[in-house]
Structure formats: structure tokens, C-alpha cells
Amino acid sequence: MRKFVIFLTLLVSLTSCEYFISPGIQVEPKLYMVAIGVGYERHGTINELKFTKNDLEDLTGQIRNLVDGKMEYEILRFSDCSDNEDEAFVLKREASQHNGIETLKYGKEDFCNPYAFFDTLAEAFTTMPEKDDIIIFYYAGHGDEETGNLVYYYDSLSKDYQTISQRELFDSFLSRWQARRLVILDSCFSGNFIEEGDLASTLFYSGKDSELTFNLSSSLSSSFTSLSLGNKAKPDVFVISGSGYVQSTYENVAGIEHGIFTYALLKYLDYDEEMDEASFTTKFEGRTISVKDLYDGIIKNFPFKEFYRISTPNTTPSKLDMTVFDFR
Amino acid sequence: MKRISLLFLTLFLIVQGAYSLSYSAYLSLDTGYLLTKIKDDEIMRSSYALSIEAEPFGLSFGRNTISIPIMLSFYSSSPEYRYYSLNAHNDYGIALAYRYAFTDLFTLKTQAGLAYRHYPDIDASTISFLISSSAEFYPAHYTAIVLPLDILITKDEVAFSIGLGCLVRLGGER
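Same order as they appear, the protein sequences are chains H and U.
Just so you know, we're using this note's numbering here: the first sequence kicks off at 1 and counts up by one.
Just so you know, we're using this note's numbering here: the second sequence kicks off at 1 and counts up by one.
In short, the hints are calculated from the structure, not lab data.
Where hints are given, some of them may not hold.
[To be verified] Chain U is faced by these chain H residues, among others (derived, beta-carbon under 7 angstroms):
(1) Arg176
(2) Arg180
(3) Lys234
(4) Lys292
(5) Met322
In this text, a Cβ means the ideal position worked out from N, Cα and C, and glycines have one as well.
Make the full structure from the sequences, and use the hints.
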């Protein structure tokens with residue numbers, strides 16, 4: 001039996017396509033991250049979110065610590081939590097080739113509609129993402145109830161607000177580059193941003209309190225249906241959402257000063273829970289982190305079972321998994 | 001003419017069956033690997049495979065056996081190539097199988113069926129279709145070494161699996 005196992009291992013190792021085919025010329029990938037955290041403090045009529053700033057700062061800080069010294073990075077942080085009374089919104093850049101965080105000078109007109117906002121973000125990067133690079137788009141804020149659209153900007157005087165739809169994000173922003181693309185959303189109804197892949201989801205609403213649970217019979221029928229859909233086998237954009245398309249996400253639960261979805265992600269990424277701040281970790285030395293690892297890590301670190309049922313993280317259903325970070 | 005041939009064939013099988021009908025059950029376990037090609041993907045990706053197959057109701061007449069196998073297959077994730085890898089998945093399938101014993105030592109089995117494919121890590125599923133052929137070598141009366149070759153087809157994907165395993169047969173005469 002042992003000889004057979006050794007024989008089989010050798011056979012697989014020697015004939016596996018992945019080992020046989022040269023990956024070609026590969027350049028060191030660079031991380032480009034856009035992180036948005038909106039608290040609505042100045043709006044007055046939209047519910048204020050107290051801890052999106054914590055989510056934004058801790059997640060970007062933890063990811064910077066993970067990649068620092070291992071790959072180049074550029075991180076853009078967009079938030080409404082400015083200390084300056086004259087500036088409602090602020091865009092900051094942190095890049096591996098520069099020391100510290102720079103506050104970029106932009107005005108209201110550069111953010112006030114999604115297309116101007118996307119142009120501003122694209123211009124704020126000092127270099128253009130290439131094919132092997134990774135772009136992460138992170139959002140913590142409100143999601144529109146009907147569509148899940150991201151409420152990223154508001155005018156504190158007119159009380160008007162602006163949103164980003166899934167198609168605007170995918171087609172007008174992320175499709176500008178050929179890089180690998182990952183979207184992480186900690187917002188209500190964010191399941192709307194997950195495109196149907198060539199697979200069907202096995203999670204379905206039970207009809208009680210928007211609970212999302214595994215259902216075999218629904219999964220079987222939707223699996224048959226998915227065979228006739230013309231969706232892509234290899235998704236252009238991978239998404240991890242904090243909730244299903246009719247579910248909400250939550251923050252400030254049991255004294256946790258984060259959104260619970262982002263908190264689960266931070267715990268997986270090994271942030272310093274005791275000090276509630278980004279930390280340096282060796283947990284991922286010599287290994288990769290893929291979309292599946294992140295999704296799995298979020299589920300395993302989800303703090304409350306009762307919230308998991310009504311605020312269930314989702315991901316793009318795909319036969320292929322995408323590597324986000326490679327620390328080998 | 002076609003109808004008459006079909007009638008004769010049915011009568012032949014009934015008569016043949018009445019004289020030598022017997023029931024058998026099979027249980028097999030095989031391991032191997034799977035090569036998968038997905039549309040838009042650059043290469044064929046490889047995964048380890050482990051399959052368990054139970055055939056509780058095999059109907060034998062002469063050298064022929066018809067059975068309904070229930071299959072359980074586990075496929076590992078593939079190694080990463082250019083930032084992508086294949087997700088691990090499990091297939092739960094049912095098929096219709098036909099066996100013909102060429103000699104006491106050698107039997108060939110062919111089967112076709114479909115499987116519910118579940119990707120446990122990402123909460124996703126699909127349906128796959130299976131065509132399989134396997135050679136069975138019987139060194140002992142009720143046990144065999146099996147060499148299965150499977151073709152699995154699902155939307156935008158074709159996969160081939162080869163393996164090596166063992167089979168236990170309960171009841172029935174060969």
C-alpha cells in the first residue's frame with residue numbers, strides 16, 4: 001500500500017500540468033488598495049456609523065503590515081472623518097516608496113459623482129496596476145436597501161448623497177486595469193454585488209428573519225438552472241460581501257468597536273485584538289492567502305453565531321480560486 | 001426490422017435471465033487524479049481524487065451484469081498556477097452501469113450518470129455528467145483490482161480522471 005501511495009504521488013508530481021508548464025515571465029506583483037470608510041456624522045439624517053473609521057484604519061494598517069517588505073503597495077484611504085471642519089471628505093495615500101501617509105488635495109467636485117470619484121482614485125495612484133498586480137477595493141458604510149449600492153458620499157448642506165452601483169464599480173473603475181481584482185464589502189445588502197458565476201449558491205433564505213442557510217433541494221434545482229446560464233467560468237472580479245442581498249451588516253455588537261464582518265476579517269489576518277490595532281504577524285510566512293482562505297477565515301472567526309445566520313458573508317461562486325497574497 | 005430485433009433481444013435476455021439470473025452487490029474504493037480544463041483558463045489543472053462506489057443491486061445474467069452505482073468522490077484543490085487554482089469539490093452521483101465478464105479474470109464495466117457537485121469551501125454547487133469505463137481484474141473470486149477512467153462534463157468544463165483501486169463483490173455467480 002505504501003509503495004502504491006509513493007507511486008501515485010510520483011505520478012501526480014511528474015505529470016501535473018501546473019508543474020510542467022512554465023508560468024512564463026512573472027514580475028513581482030504590487031498591491032493597490034482603495035479603502036473607503038464612511039460614518040455619515042455630518043449628514044444628520046442618515047444613521048451614523050461610529051466604527052467605520054476603525055474598520056478602515058485597522059484593516060488598511062493590518063494589510064500594510066502584512067505586505068510591508070514583501071511587496072510594493074499603494075493604499076488609498078477615503079473617509080468623511082476629517083478633523084478639518086472645512087473638508088468633509090479626505091483622500092490619503094500610503095505607498096511603499098514613500099514614508100508615511102500623504103493627504104491628497106482634492107475638492108468636492110472630485111468626489112461628488114461616481115465617475116469623477118473613480119477618475120480621482122485612478123489619478124491618485126502613482127503607477128498603473130499591471131496584469132499580475134492585485135487591486136483590493138474595500139468599503140465600510142451604508143448600502144442602499146433596494147440595490148446594495150454603496151453610499152460613499154453626501155453633501156452635509158443639501159443632505160443629498162451619491163452611490164456606487166455594482167456595474168459602475170466593475171465596468172467604470174475596476175475594468176480599467178487587467179490586474180486581479182477583489183472587492184470586500186462591509187455594508188448592508190452587499191450580496192447584490194456578487195455576480196452569478198457558473199456555479200449556483202447553496203445558501204438560501206429560509207424566510208425567517210432573512211436567515212441564509214444551506215438547502216439541498218433548492219441547491220439541486222438552482223444547480224440545474226445554472227447549467228443554462230451564460231456566466232463566465234473565470235470571474236473578472238471576486239467579491240466577498242458582509243451580507244446576503246436582503247440582509248444587513250452590524251457594528252458595535254457586544255462592545256466590539258468594529259463592523260462584525262470586518263472584525264472577523266481582522267481576526268483572521270491576526271490583528272492585535274487586545275490592543276485593537278494593526279500588528280505584525282508571522283502567521284502567513286511561507287504561504288499564500290486566496291479568496292477562499294479569506295472567506296473561510298471570516299466564517300471561522302465570525303464572533304456571533306446568531307448574527308452569522310442573519311448577516312451571512314457571501315463570496316463569488318467559482319470553480320477557480322484566486323491568490324490574493326503570495327508570501328512564499 | 002429494428003422492432004423485431006429489439007423484441008428478439010428482449011426475449012433472449014428474459015430467457016437467459018430466467019435460467020441464470022442472480023443478484024450481486026459491489027463496493028469499490030479507488031484513488032487517482034483528475035485533470036480539469038475550464039473554459040477561459042490557461043491550462044489543465046490537476047487534483048487528487050478519492051472515490052467510493054456502492055452498487056447494492058446488481059442483476060447478473062450469464063456474463064452480463066446491470067447495476068445502479070451510487071458514487072461519492074472527493075477531489076482536492078489543484079496546485080496554484082499564475083495566481084489561480086481549482087477549488088476542492090465533492091461529487092455525489094448515481095449512474096446506470098453495465099458489466100461484461102470476458103473471462104473469469106477480466107471484466108469491463110461502463111457506466112453513465114450524473115452527480116451533484118458541491119464546493120464546500122465556497123458554498124456553491126453544480127451538476128456534472130459522468131461517463132466512465134473501468135477494467136476489473138479478479139485475482140480472487142470476490143475481490144478485484146479496478147482501473148477506472150472517468151470523463152466528467154459540466155458547464156464550461158471537461159475533466160478526465162484515472163485511478164487505481166479495489167473492489168469487493170458480494171453474491172452472484174460469474
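Quick rundown of the hints versus the structure:
1. The criterion of a C-beta within 7 angstroms of any C-beta in chain U is not met by Arg176 (chain H), whose closest approach is roughly 19 angstroms, and the hint is violated.
2. Hint status for Arg180 (chain H) relative to chain U: holds, with the closest Cβ pair at about 6 angstroms, below 7 angstroms.
3. Interface hint status for Lys234 (chain H): upheld, as the beta-carbon distance to the closest one in chain U is roughly 4 angstroms, under 7 angstroms.
4. A least Cβ separation of about 5 angstroms between Lys292 (chain H) and chain U falls short of the 7 angstroms threshold, and the interface hint therefore holds.
5. Below 7 angstroms, beta-carbon pairs count as interface contacts, and Met322 (chain H) has one with chain U at about 6 angstroms; its hint therefore holds.
Violation of the numbered hints given earlier is confined to hint 1; every other hint is satisfied by the structure.
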